[in-house]
Amino acid sequence: MKPRWDTAVGVLLVAVFVTGLGTTDGFASRDNLAFAFNDIAEVALMALPMTLLVVAGQVDLSVASMLGLSSALTGELWDKGWAFETIVPVVLLVGVAGGLLNGWLVTRVGLPSLAVTIGTLALYRGLASVVLGSNAITDFPETYAKWAVDTTTVPGTFLTYPVALFIVLAVIAAVVLHSTGLGRSLFAIGAQEDAAYFAGIRVKRIKLLLFVVAGLVSAFAGVVFTLRYGSARADNGQGFEMLVIAAVLLGGVDFDGGKGTVFGAVAGVLLIGVLKNLLTLNDVANEVQVIVTGLLLVASVLTPRMITTVSAWRHRRAATTS
Amino acid sequence: MTVTVEKPAPAPDTERSARSLVDAVFRAREISIAGALVLLVLFTWVAEPRFLNDQGIKDLLLNAAILVLLAVGQSVVVITRNIDLSVGSVVGLSAFACGKFVSGTDHGVLTVLLLGVAVGAVCGLVSGSLVSFGKVPALVVTLGMLYIIQGLDYWWAQGEQINAADVPQSVLDLGSGSVLGLPYLPLISVLVLAGTAYVLRTYRSGRELYAIGSSPEAARLAGVPIRRRVLAAYLFSGAVSGFAGALWLARFGTVVADNAHGWELTVVSAVVVGGVAIVGGTGTVWGAALGALLLTTIGSALAVLKVDSFWADAIAGALLLAAISVDRIVNVRMTRALRKRSAR
Chain X
1 MKPRWDTAVG VLLVAVFVTG LGTTDGFASR DNLAFAFNDI AEVALMALPM TLLVVAGQVD
61 LSVASMLGLS SALTGELWDK GWAFETIVPV VLLVGVAGGL LNGWLVTRVG LPSLAVTIGT
121 LALYRGLASV VLGSNAITDF PETYAKWAVD TTTVPGTFLT YPVALFIVLA VIAAVVLHST
181 GLGRSLFAIG AQEDAAYFAG IRVKRIKLLL FVVAGLVSAF AGVVFTLRYG SARADNGQGF
241 EMLVIAAVLL GGVDFDGGKG TVFGAVAGVL LIGVLKNLLT LNDVANEVQV IVTGLLLVAS
301 VLTPRMITTV SAWRHRRAAT TS
Chain Y
323 MTVTVEKPAP APDTERSARS LVDAVFRARE ISIAGALVLL VLFTWVAEPR FLNDQGIKDL
383 LLNAAILVLL AVGQSVVVIT RNIDLSVGSV VGLSAFACGK FVSGTDHGVL TVLLLGVAVG
443 AVCGLVSGSL VSFGKVPALV VTLGMLYIIQ GLDYWWAQGE QINAADVPQS VLDLGSGSVL
503 GLPYLPLISV LVLAGTAYVL RTYRSGRELY AIGSSPEAAR LAGVPIRRRV LAAYLFSGAV
563 SGFAGALWLA RFGTVVADNA HGWELTVVSA VVVGGVAIVG GTGTVWGAAL GALLLTTIGS
623 ALAVLKVDSF WADAIAGALL LAAISVDRIV NVRMTRALRK RSAR
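Line by line, the protein sequences are chains X and Y. Counting from 1, one number per residue, gives the positions in the first sequence under this note's numbering. Counting from 323, one number per residue, gives the positions in the second sequence under this note's numbering.
Since the hints were derived computationally from the structure, they do not count as laboratory data. Just so you know, not all the hints are guaranteed correct.
[Unchecked claim] Per label pair, the in silico range of CB-to-CB distance:
# : chain 1 : residue 1 : chain 2 : residue 2 : range
1 : X       : T86       : Y       : V654      : 40 to 46 angstroms
2 : X       : E142      : Y       : L361      : 38 to 44 angstroms
3 : Y       : S631      : X       : K146      : 33 to 39 angstroms
4 : X       : R305      : Y       : S631      : 42 to 48 angstroms
We put the beta carbon where it would ideally sit given N, CA and C, even for glycine.
In isolation and in its complexed conformation, chain Y is listed as follows (with noise of 0.2 angstroms):
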């Protein structure tokens, strides 16, 4: 052990130090994000400068509304140390139900967003009950959400599809228009964003969810209402996906039963490229969302450089394997850190 002539600094000083420390970490997180997106938008643009045009900024926003959303609420639940597998399902029965409430009608588009947040909220509400209440595993119980739902929808189904000529044109237009040049959608998916970055950061509920995340038994000890938390928590990821569901059908009017089938897995790897520890108890919304949009970014551009899109899934998979890795290392080297200046 070495030993240092420094004289100790005093130890409120430390302690904030420390603290600059573990945040200018994790705001490096979402910063090398930013980074990584950046360089990989201008390295296409170089490329192929229509990447960059009118539409082809429409569609990358547009891709990447729904999976940010998809992020936003499976980032609520990955923090609590909980899992939600069914976000996939929920947004395909989600869809599929909006558009079958729609198709030859006239309602409003309210009306079908609404109806997309009770279904999922409903779904939410199910899987939540099983993980707070029953006490079973979350990867189990929404694994078996995730057929039930499924198998719910393709039942109801039959195979049908709702095409676009029989959705109400205010609908389509939720999807397809623009208010001072930016979609609707990604607008949305930012207020989103911004609403549930807000009451994570901010509110006592929010930052209690973090606490659960952390260290479950020590939430408990301190009175934090766990089970209502976690309900909450895959209430709202439910509802978020439900959501989703009906703005996928705003978006694609085309609607089959196996739409968002598989989704699950990408939602994940989002949520932990941008930070979010599945073990829990770390990460921001913000940074969800960020790796979202690298990853939707990664098979756009890869579409515009004619890369076959086969490499995207190897790409995305290597890229969620470096980034928890740096994230590892980081940690272990910044938990060494620290534990040298509490030792000074």
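One chain only, chain X, in its complex shape (with noise of 0.2 angstroms):
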């Protein structure tokens, strides 16, 4: 069977995670474990969108501003005294509405999404400050903050509530990217536009929901990252698009579309994490975590590439020399 890149990562996750179990001390233990999956929650959180936004040959670039977006509401209306039963609506609505913005100059307008998503990456991160300008609003109750925090964590396990939710969320994405038919219409679409609507896939609607989804899920992830922080700033999980997109593709996900698994991708997500993890636990300076990461991502890409043209010049020469 070929090796497949997921599987791969996947396996260097592990090796990963049980080196840290035997060189680094403290490693193990339940609290560093809630801290290390908590502290990448919200990135985790927007991957899954992601994930299916690129396997439809898309990409969604104005996540973390959407993020941004959602904190700064979060936080400008805590300020003005609503309720946060009442905010946490009002804000998914706003994500809903951002990623209608989206998905309707993608589809309707017909422009690519990455120069879409650059425009409103600038133009959400830019109504953040609008919102909130530079305060910080920090007077989030522990009621609240309790959900997000990783002292807080699901009875018995090491699992905060935010990665319990992403387990959920991302058993979900898997099960609709890789058993139904709207799945198949994703690879469809990343595979080919022109014969997925020729097939009689509905292309436009099915972008639309992408868009969709991503700007909900962003938004959520900004209320996790509000109340984790207990800190609403227009700034928050700024640069996050670009960690996201790494995580994604580091898990074997093609940025041109139609391959790509939901597994692979939560191995990418959570070796960052780790890797961050373990490299901070060994005081290793965090500008060597940020060339790892840079090094991953290449690493990533250029392996396949590199397999695949070995295996095609031994093939060549096998032909040759019989």
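Both chains come to you apart, so use the hints to assemble them.
Shown next, in the form of structure tokens:
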């Protein structure tokens, strides 16, 4: 059987994890694991819709700005005295609206998603600063904050609530992508959009739906981020879009569309998270972590390519010598 | 379908008018950005006359100079249907390298600029080799390079800062001096811009970049050395970014490791606003430069008008969306019009 990249990343993740258990004191403690996974909760959440988008040949660079907008709105509305129970639905609606705008520009106006979402990346981040300016709202009560911080875990496990939610959503995403007609449609759209259209797949509607889901999840990630740090700021999560995409691509999802698995993307996210935690525990400087992320990303696209090239070369040599 | 009773025009004429229509639309793009720019400047000037005094104009040009350079480099890559996200990191690394090199010494300006170009060219060479010979998606590779270069920069800097006091006066003079009332930096940008525009428009290799962006497959079949051209595009973009890093040092004197952090998306925005399609094959560096000038001018105008600078990002984003939407709609109309012409 041909080795698959997502399996390789999974194996790498396990290897890194086991190395961590063997070499690093305190890595395996419940507190540390809860912290390590909770620390990448928002990136992990946003990576799920991103996986579906990239499989369908699209990309959404505005996710982190939507996170920021959602965080700023949460803070501003809380400051105005709204109840948290009303803030969350409002913020989620804003996320849906943002996703609709992205999707509308891509599907109805017919623009490339990369260009559109670079625009909305600036737009949503800008709106976040308009809403909250350079203020920070920090007086979120413990009643709500406890659902996002790493000191509260689902009883009996090291899973925090955001991580537990991520697991549920990851299972849903995996089922949708790999065992439903809709999932097959995503692969079809990513592989050959025109062919998918002529095969009767509702390309535009499905793409619109994906962008809306991405907006919704990003807005929710904004609420989680706000509660986790107990701080609503307009620049929350700045630059996360790159990290989300890095994680998804690291997991072997093909940027050209049509290939990828949710398992791979999840492994990619966890690998980044575990590596970050291990490097920090071993006092490796932050800048080295940044370099490692970059190298992993380049390796993730270069290695499969090199494997194919080498095996093609071997085939050719075998054919000429025989 | 309506039947036209017009006599069919002679074939060469149709062709010429079709081409002039295409030309007009593309020129219209640059004219409309220039128009928007003029309106913006006039409006701001009326509201606040100090916007256009000597110092005001100088500031506008100085602010735009570095972004214009980066936009020129980026357009050359985007025209080939690729993208270079590492430019912001390259500027940071090059600025720091140059600062480290000159601090406390009296190296000549030229040496510093060459060092900047060299640092950038090495980065561009690595990205370009990976994209052209490794045949891996440009976005992923240059995103990886963004992290790698940024990490190297941080690692090297270790929080250290280059201060203007350590930078030789000759270098600082390049950033603040002027000739005939025009500051050096914008002049340099315009020179690079004009040179690049000339090569892209006139040279065979320049035209081949457009061919690659329009249809890589067709370009390959037509015998265009795609790998070499794409590599050259990245090399150029890297070298220009490195050069911009050296100019950054000259302009600001103070350099920290995360200079130009996050600029990559601003640069791409400027390029796209300027009419260089993200899917490659169309657009000019003049347009990209105008896009960059428009974005920085919006920032300056908001500051002068005492509008909260918080609005700057939102306006830049909305502008980008408007620009690409209008582009697309005009494009669809034009295709329809051309089809109707050729159907006749």
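- Given the hint of 42 to 48 angstroms, check if R305/X and S631/Y actually sit that far apart at their C-beta atoms. Since the Cβ atoms of R305/X and S631/Y sit about 44 angstroms apart, the hinted range of 42 to 48 angstroms holds.
- Using the beta carbons of S631/Y and K146/X, state whether their distance is inside 33 to 39 angstroms or not. Given range 33 to 39 angstroms: holds, Cβ gap about 36 angstroms.
- Query: Is it true that the C-beta distance of E142/X to L361/Y lies inside 38 to 44 angstroms, as the hint says?
  - Reply: 52 angstroms, violated
- Cβ-Cβ distance between T86/X and V654/Y: within 40 to 46 angstroms? 42 angstroms, holds
In this structure, the one hint that does not hold is number 2.
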